[in-house]
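Undergrad: Protein chains in written order, with numbering that gives the first Met the number 0: chain A, 0 to 397; chain B, 0 to 397.
There may be inaccurate statements among the hints.
Note: identical chains are not told apart, hence a pair may lie in one copy or across any two.
As the list claims (entries may be wrong) - Distance condition first, Cα-Cα at most 20 Å in a straight line; then the derived SDA-like pairs of lysine to any residue:
| # | residue 1 | residue 2 |
| --- | --- | --- |
| 1 | Lys-134 | Pro-110 |
| 2 | Lys-45 | Gln-55 |
| 3 | Lys-134 | Arg-4 |
| 4 | Lys-220 | Gly-361 |
| 5 | Lys-134 | Gln-294 |
In short, the hints are calculated from the structure, not lab data.
Number of protein chains: 2
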Amino acid sequence: MFISRRAQEIQASPIRKLKPFADEAKKRGIHIFHLNIGDPDIPTPKPVIQAFHEYQGPILGYGPSQGFEELRQAIADYFASYGLSLSADNVLITIGGSEAIHFSFSVVADPGDEIIIPEPFYTNYNGYATFADVKIVPLPLKVEDGFRLPPAEQIEALITPRTRAILLCSPNNPTGTVYTEDELRRVVEIVKKYRLFLIGDEVYKEFVYDGLRHKSILEFKEIEEQVIVVDSISKRFSACGARIGAVITRNQDVYQAILKFAQARLCPPSVEQYAALAAYRMGMSYFEPIRQEYQKRRDVLFAGLTSIPGVVLKKPQGAFYMICRLPVKDAEHFVQWMLTDFSIDHKTVMVAPGPGFYATPGSGLDEVRIAYVLKEEDLKQSVEILREGLTRYQKLFG
Amino acid sequence: MFISRRAQEIQASPIRKLKPFADEAKKRGIHIFHLNIGDPDIPTPKPVIQAFHEYQGPILGYGPSQGFEELRQAIADYFASYGLSLSADNVLITIGGSEAIHFSFSVVADPGDEIIIPEPFYTNYNGYATFADVKIVPLPLKVEDGFRLPPAEQIEALITPRTRAILLCSPNNPTGTVYTEDELRRVVEIVKKYRLFLIGDEVYKEFVYDGLRHKSILEFKEIEEQVIVVDSISKRFSACGARIGAVITRNQDVYQAILKFAQARLCPPSVEQYAALAAYRMGMSYFEPIRQEYQKRRDVLFAGLTSIPGVVLKKPQGAFYMICRLPVKDAEHFVQWMLTDFSIDHKTVMVAPGPGFYATPGSGLDEVRIAYVLKEEDLKQSVEILREGLTRYQKLFG
């Protein structure tokens with residue numbers, strides 16, 4: 000039977016495709032430090048678990064397509080803590096940040112239209128671009144520059160008559176870069192000049208270190224009709240399995256259009272929305288100890304990695320990822336080899352090969368993404384395993 | 000700002016667009032019998048609620064993209080109760096039946112391709128067709144025939160080089176028709192002859208009356224590579240707000256392709272999957288009293304409606320809907336008038352106007368869909384209110 004072209008073209012999750020090798024290693028009794036996926040190890044806050052326990056039914060019926068008003072208001076209040084004035088009617092609850100991305104791509108672009116995204120970028124943008132038949136135009140960034148945005152001319156050079164939006168993810172997955180106000184303003188001027196949408200993936204908003212402050216694209220009032228923010232509770236509250244996200248926009252045409260997409264899928268899960276509400280009601284003080292924990296981990300991992308000869312990276316300021324260059328020719332082969340042929344005391348490390356985060360063919364071949372979602376002690380061990388693994392691998396494969 | 004063509008074209012939920020008039024009526028103190036939407040009033044089974052209470056965390060992390068294996072196996076076991084042999088690897092958990100439809104459309108068809116669907120049909124097929132840029136080709140059925148499928152030639156006449164699939168919903172929303180083995184075989188022969196996919200929406204499988212047995216398209220082994228079934232726990236277990244559905248297929252190319260779509264959205268909600276598992280573990284005896292309750296309601300509603308002069312309908316055999324012709328020219332205007340200008344003892348009835356269930360312009364203008372999701376006594380009152388409302392309306396508008 001013929002399968003659709005889009006089904007053939009959609010990329011299998013590059014992060015997940017090494018899983019069989021990991022499963023095999025586990026069968027051989029190897030413990031794997033999973034630095035390959037951003038599944039936080041911070042316990043889900045108790046009030047969230049409690050919300051499930053308090054659910055009484057009696058009928059688990061449909062909710063509103065845009066999500067419960069209480070939750071939408073709680074999210075507006077959360078943004079108010081960042082000095083951003085929004086109403087519940089600027090917030091539409093989605094089934095995870097994933098759906099927020101899908102809705103955003105679909106509302107700004109028709110099949111064949113283009114969205115510019117700095118690369119390396121979050122792999123799932125690819126999936127949704129294929130799903131929505133939208134073309135991602137990568138803006139190549141470099142590990143040596145700490146993945147900083149290039150001058151305006153380089154961004155403008157990518158604009159065509161089919162360009163519909165620029166997407167910025169900050170704090171960035173996979174690089175950990177937090178864009179400065181200056182970098183953001185550079186992009187704001189471009190979207191103003193060319194009348195483009197600016198999509199902001201800001202799901203790591205709280206994970207910003209060294210006393211830096213995250214600047215949201217929602218703060219640029221002069222382009223407020225052009226801004227769509229993609230949001231999620233997954234990382235913010237260690238609740239990836241809840242599948243609660245949101246689209247935030249002040250553009251009511253965009254909101255109403257997304258509402259129509261949302262109506263087609265009826266509603267987000269009800270009980271999980273109550274759980275999300277409980278999370279937001281904890282208030283902003285919840286984040287400080289978590290931010291400190293991640294900052295400590297980043298420091299440990301950064302110090303460890305930069306002490307390995309041949310590893311190239313700049314210190315990232317946010318999220319819980321970093322992309323670094325390794326002294327290998329084929330990072331994917333190295334990652335696989337670490338699972339199939341290497342261990343120390345029955346322990347090994349799994350990281351994510353770089354090419355999965357690039358749209359430009361041949362890019363990121365010698366890079367990996369490392370997530371610091373394990374505790375300090377495990378990160379230290381992981382670094383030593385990586386150090387030893389690299390030494391051995393270089394002897395074998397040069 | 001320019002909004003994408005698909006966002007402009009996607010239909011706003013026709014069922015939901017009369018909601019403002021209903022809200023207004025409620026503000027005036029009017030009680031509305033809601034026969035317009037299929038939100039069951041049967042309580043969600045206790046084990047499902049209990050599953051939420053038993054959730055302990057500690058980390059609400061990502062699950063597998065295809066859903067938890069235990070749940071997939073439980074669904075395979077459920078199908079085994081119907082004599083259908085499936086493995087867990089034929090079942091992929093989706094975020095509601097809605098996502099199952101979206102995935103199915105996207106895997107069989109590329110933008111511009113066609114799917115034949117008997118009309119009237121479930122409104123949300125429209126939403127997903129627009130979202131996936133797929134064209135629905137309606138196969139017009141008639142209330143006078145009880146919405147029975149026409150001879151093969153009439154179906155074949157709709158096939159073009161771009162036809163990719165036929166979709167059958169049985170038991171049918173919105174008509175309540177349950178296709179006979181003979182009708183199904185007619186379509187099976189066509190999909191065989193033209194190498195099309197056959198998509199079955201069988202979410203109302205249990206709601207079949209008069210001792211009839213639901214025949215699944217999965218029973219036709221000779222086309223097993225061409226069959227995709229869309230499933231959901233929403234109606235089966237009165238759990239619409241859980242957003243747990245499934246795609247069932249024995250075609251492993253289709254399964255693997257859908258898995259890639261599923262990976263893009265990471266996973267279905269975790270706790271809700273445990274709730275669904277608890278539901279399936281109740282066993283098949285759960286359904287019998289519920290079936291009896293709905294059959295009784297259907298009988299009450301059918302007897303009541305056919306006693307109103309000018310109402311045309313055949314007795315439906317399944318689901319919990321019926322479409323009938325009313326003695327009015329413009330059913331949408333009548334439905335709205337019932338909310339804005341009519342009540343008996345501060346009570347009125349809301350039904351769903353027919354045109355929303357048709358793709359062919361001008362069809363269903365004098366029809367409405369009525370859902371029997373209220374208890375017998377309320378249905379009886381609703382019929383009397385409709386009877387009186389129709390009499391009054393005809394005097395005013397002819």
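Undergrad: Please go over all the hints and tell whether each is borne out by the structure.
TA: Hint by hint, here is what the structure shows:
no., hint, in the structure
1, Lys-134 to Pro-110, "both (8 Å within a copy, 15 Å between copies)"
2, Lys-45 to Gln-55, "both (18 Å within a copy, 10 Å between copies)"
3, Lys-134 to Arg-4, "both (15 Å within a copy, 16 Å between copies)"
4, Lys-220 to Gly-361, "neither (39 Å within a copy, 45 Å between copies)"
5, Lys-134 to Gln-294, "neither (35 Å within a copy, 51 Å between copies)"
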